[in-house]
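S.K.: Going down the list, the protein sequences come from chains A and B.
What the first sequence shows, in this note's numbering, is residues 1 to 509, in sequence order.
What the second sequence shows, in this note's numbering, is residues 1001 to 1375, in sequence order.
Any given hint might turn out to be false.
As the list claims (entries may be wrong) - Distance condition first, Cα-Cα at most 27 Å in a straight line; then the derived BS3-like pairs of lysine-lysine: (1) B:Lys1018 <-> A:Lys93; (2) A:Lys139 <-> A:Lys116; (3) B:Lys1364 <-> A:Lys78; (4) A:Lys383 <-> B:Lys1304; (5) A:Lys78 <-> B:Lys1359; (6) A:Lys498 <-> A:Lys255; (7) A:Lys383 <-> B:Lys1232; (8) B:Lys1304 <-> B:Lys1359; (9) A:Lys337 <-> B:Lys1232; (10) B:Lys1359 <-> A:Lys337; (11) B:Lys1232 <-> A:Lys386; (12) A:Lys376 <-> B:Lys1232.
Claimed, not checked - If the Cβ cut is set under 8 Å, some of the chain A residues that face chain B in the computed set are: (13) Phe18; (14) Leu308; (15) Asn334; (16) Pro349; (17) Gly356; (18) Val358; (19) Gly359; (20) Ser373; (21) Phe379.
Derived from the structure by calculation, the hints contain no laboratory data.
Since the model is a prediction, treat every value here as computed from it, not as a measurement.
For each residue, glycine too, the CB sits at the ideal point set by N, CA and C.
The primary structure of each chain is shown beneath.
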Amino acid sequence: MSNEYKSAIRMEGVTKTFGSVIANQNINLDIRYGEVLSLLGENGSGKTTLMNMLSGIYFPDAGQIYVNDEPVMIRSPKDAFDLKIGMIHQHFKLVDVFTAAENIVLGLNEGKRYDKKEVARRVREICAKYGFDIDPEQKVYSMSVSQKQTLEIVKVLYRGADILILDEPTAVLTLQEIEKLFSVIRNMRADGKSVVIITHKLNEVLAVSDRVAILRHGEYIATVDTKDATELSLTEMMVGKKVELDIARDDIADKKLRLAVKDLTVVNGDGITVLDHISFDAFSGEILGVAGISGCGQKELLESIAGLQKTAEGASVVFSDPESGEEKQLIGTNPKKIRELGVHLSFVPEDRLGMGLVGSMGMTENMMLKNYSDGKSLFLDRKQSKALAERILTELEVVTPGINTPVRRLSGGNVQKVLVGREIAAAPTVLMTAYAVRGLDINTSYTIYNLLNEQKKSGVAVIYVGEDLDVLLQLCDRIMVLCGGKITGIVDGRTATKEQVGALMVKSH
Amino acid sequence: MSHLPQTHKKEPLVRIVKRDAVSAKKAWGIRIIGLLCALVVCAVLIFALTKLNPISVYTSMFRGAFGTARRSWQTIRDAMMLLCVSLGLAPAFMMRFWNIGAEGQILVGGVATAGCMIYLGDKMPTPLLFVVMFAASILAGALWGFVPAFFKAKFGTNETLFTLMMNYIAIQLTSYFVALWEKPFGSNTVGIINDRTNAGWFRPLFGQQYGWNVVIVLLITIGMYFYLRHSKQGYEIQVVGESENTARYAGINVRRVIMRTMIISGSICGLSGFIAVAGAGHTISVSTAGGRGFTAIIVAWLSKFNPFVMIIFSFLLAFLDKGAAEIASKFNLNDHVSSILKGIILFFVLGSEFFITYKLIFRKSEKEIAAKEEK
Chain A
1 MSNEYKSAIR MEGVTKTFGS VIANQNINLD IRYGEVLSLL GENGSGKTTL
51 MNMLSGIYFP DAGQIYVNDE PVMIRSPKDA FDLKIGMIHQ HFKLVDVFTA
101 AENIVLGLNE GKRYDKKEVA RRVREICAKY GFDIDPEQKV YSMSVSQKQT
151 LEIVKVLYRG ADILILDEPT AVLTLQEIEK LFSVIRNMRA DGKSVVIITH
201 KLNEVLAVSD RVAILRHGEY IATVDTKDAT ELSLTEMMVG KKVELDIARD
251 DIADKKLRLA VKDLTVVNGD GITVLDHISF DAFSGEILGV AGISGCGQKE
301 LLESIAGLQK TAEGASVVFS DPESGEEKQL IGTNPKKIRE LGVHLSFVPE
351 DRLGMGLVGS MGMTENMMLK NYSDGKSLFL DRKQSKALAE RILTELEVVT
401 PGINTPVRRL SGGNVQKVLV GREIAAAPTV LMTAYAVRGL DINTSYTIYN
451 LLNEQKKSGV AVIYVGEDLD VLLQLCDRIM VLCGGKITGI VDGRTATKEQ
501 VGALMVKSH
Chain B
1001 MSHLPQTHKK EPLVRIVKRD AVSAKKAWGI RIIGLLCALV VCAVLIFALT
1051 KLNPISVYTS MFRGAFGTAR RSWQTIRDAM MLLCVSLGLA PAFMMRFWNI
1101 GAEGQILVGG VATAGCMIYL GDKMPTPLLF VVMFAASILA GALWGFVPAF
1151 FKAKFGTNET LFTLMMNYIA IQLTSYFVAL WEKPFGSNTV GIINDRTNAG
1201 WFRPLFGQQY GWNVVIVLLI TIGMYFYLRH SKQGYEIQVV GESENTARYA
1251 GINVRRVIMR TMIISGSICG LSGFIAVAGA GHTISVSTAG GRGFTAIIVA
1301 WLSKFNPFVM IIFSFLLAFL DKGAAEIASK FNLNDHVSSI LKGIILFFVL
1351 GSEFFITYKL IFRKSEKEIA AKEEK
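Based on the sequences and whatever the hints tell you, model everything.
M.R.: In structure tokens:
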């Protein structure tokens, strides 16, 4: 049915600009049937923009797209579907209160009335063929992230897509789920479909794809066969210069108890216990890693310490002041009280623009988010914030049109630099970060690792909630593993293995 | 692979593309072009519907608003009223608190003022009377703003419905007081309050009847500018408006900010009730607010909460009102024609905001493409 070199899509000289920003410049790309193509590049290198032009969301400023060697105009997502191109977006586009089957036929307009049984039958057929597992009658709001993603894939297959584009499909999945996804992708390839995966994770590129196309700063670099590529060679093409793949880890210099957490329990609004009697200590000059499948209580743990989360009776978080030696209870406080207690607690939350920063404000005004109320004056003092914003701009090489440009307009990596920069500038004694490098490219990730190591060296107690086990094992001195709101183990980062931590992450009680 | 449908689709005729940040100069240029386009469309419509000369219609519109000193001052008076309400709404909307209850807040402020004038008018020295009226209107407005804010902060109720319902309470309350203070008996109006003594009326300032209106509102304008842009409380309002999570993270007491801001918002709206009664109408009725509580929402958003820009839009709307009324009476048109004109002009003004954020790219014709290729 398919022959290995049959071209599915060819892009020639495709260019797309947004205002003065060039997202894609003169891109040539070739996608074949019966193969998995990885589209690799750093954040902001234009991967998603390029694929959005295939799925009809954007329209190119210049260049030509060919599908099956015929020139086409893709003006809307409907045109893309007509050409049998389907894209699974990073942020799912599903209606929560509808069932899986209803979401699948939504907007399809098949001309006749909605035949529940027929839809369910066809959905099951697709599931059986490729090895998916979804229930057509299940409502979306009761689905896990991985089920939602499966549904998105089934949705485009139901519409007869032969060319599937997956945007960062593994970002939200666990290791096991990723394996499952990859086996489905391989089944689709065997069926002659063409699959494009947008990613910046090298190990996944090597594991699943046949060819890799690399973009850098909106420009097309090359396409190589995966079998001839190594992590190092791909990295070089992706970032343009050699980067060291090792993360530095210094020995702990001055280890003193800084935070003692005891019996921390959190019950959420639905009555579910998300943290169950957590007890641990964090020390100065140490990076304490927190590993676990996402949603195992990491968010609640950090927010409890930061005074943002209601905790159950009996919980205790005691901070030992390095200067006075005083012990201070943080439970029952709020961020303002914590500051008033003289505790320098910095927190880089997971939701950068929804919690850590104000998207509509520029760097200057974001700098004063936590200390704007200092002093007796009724009016704001912008001078210091402006100086700090300028310092962070140059020291962390933030790319922005200006310090007053709303931070929402910056790319993901630059947003994180602004946030981490501010939190470190506050001279913390405890620094908590949640998924500090999520979605960041290699260069920016290393900038963050280095900043964390500097903080450790200067005696800060760092708590690093992460998802990449390789990074956790290289960066952290100790790793605490959470599973279902409980601590399943605390291991030494220098001696522990990936398998050991992985096993703790899924350990049942 | 199955055969694909043949696609011979052309490039889309028009595409909407987001612009880079536009300079203030260019933005105002776009707005002025929008206004000119509106005038042209209105001219065509006027001629088509009424066969009148559009130029003479425009001229009389202008005369209606600024033709005589008296008319000019009335336009200024109305603009100041509208501006005052818009200033009251600005902090609430900046906090993304959908206060559509300004209408009610104006009314209760007006009722409080009228009550003071009726019961205390001849019992107090003038300066003290003004202080009492001023305070009463602010308190009444603040209460009307505080109630929905309290329920929003404590129980997460929807402020849009709540503030709207508060309007109806205010309207009924006003009807009650109108009946109570009816004068002369059976007229179902309050009539001119203190028409003999003029107690509680704004005195002329610099020889102008509405001098005080202008001074008070402009002072609030300047104050609001500094409050929103440079005060710590203004900063808190912006953060809460953007994201409550960020506000909590920053240590801001979100509930307190919501309640405090709505007390301020309601107070200023109540104060505009005071100006409407003591400084303009000298009476109270259910139409004292006259829809300004809603029109002011347009002013506040169009100005992007910048108090000084609000002056311009308040004048534009007051001008349109006065001008429309004038052409309706002068050319014997019915009210609806002037409402249509007002609508068209507003449509274009609002539309120009779209063109400030986005631009259109048209498909190049085949000739153009051919010409380009030859080069």
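S.K.: The structure should be examined with respect to each hint, and the outcome stated for every one.
M.R.: Here is how each hint holds up against the structure:
no., hint, in the structure
1, B:Lys1018 <-> A:Lys93, "holds, 23 Å"
2, A:Lys139 <-> A:Lys116, "holds, 14 Å"
3, B:Lys1364 <-> A:Lys78, "holds, 23 Å"
4, A:Lys383 <-> B:Lys1304, "holds, 25 Å"
5, A:Lys78 <-> B:Lys1359, "holds, 24 Å"
6, A:Lys498 <-> A:Lys255, "holds, 26 Å"
7, A:Lys383 <-> B:Lys1232, "holds, 14 Å"
8, B:Lys1304 <-> B:Lys1359, "holds, 20 Å"
9, A:Lys337 <-> B:Lys1232, "holds, 18 Å"
10, B:Lys1359 <-> A:Lys337, "violated, 48 Å"
11, B:Lys1232 <-> A:Lys386, "holds, 16 Å"
12, A:Lys376 <-> B:Lys1232, "holds, 10 Å"
13, Phe18, "holds, 7 Å"
14, Leu308, "holds, 6 Å"
15, Asn334, "holds, 6 Å"
16, Pro349, "holds, 7 Å"
17, Gly356, "holds, 7 Å"
18, Val358, "holds, 5 Å"
19, Gly359, "holds, 6 Å"
20, Ser373, "holds, 6 Å"
21, Phe379, "holds, 5 Å"
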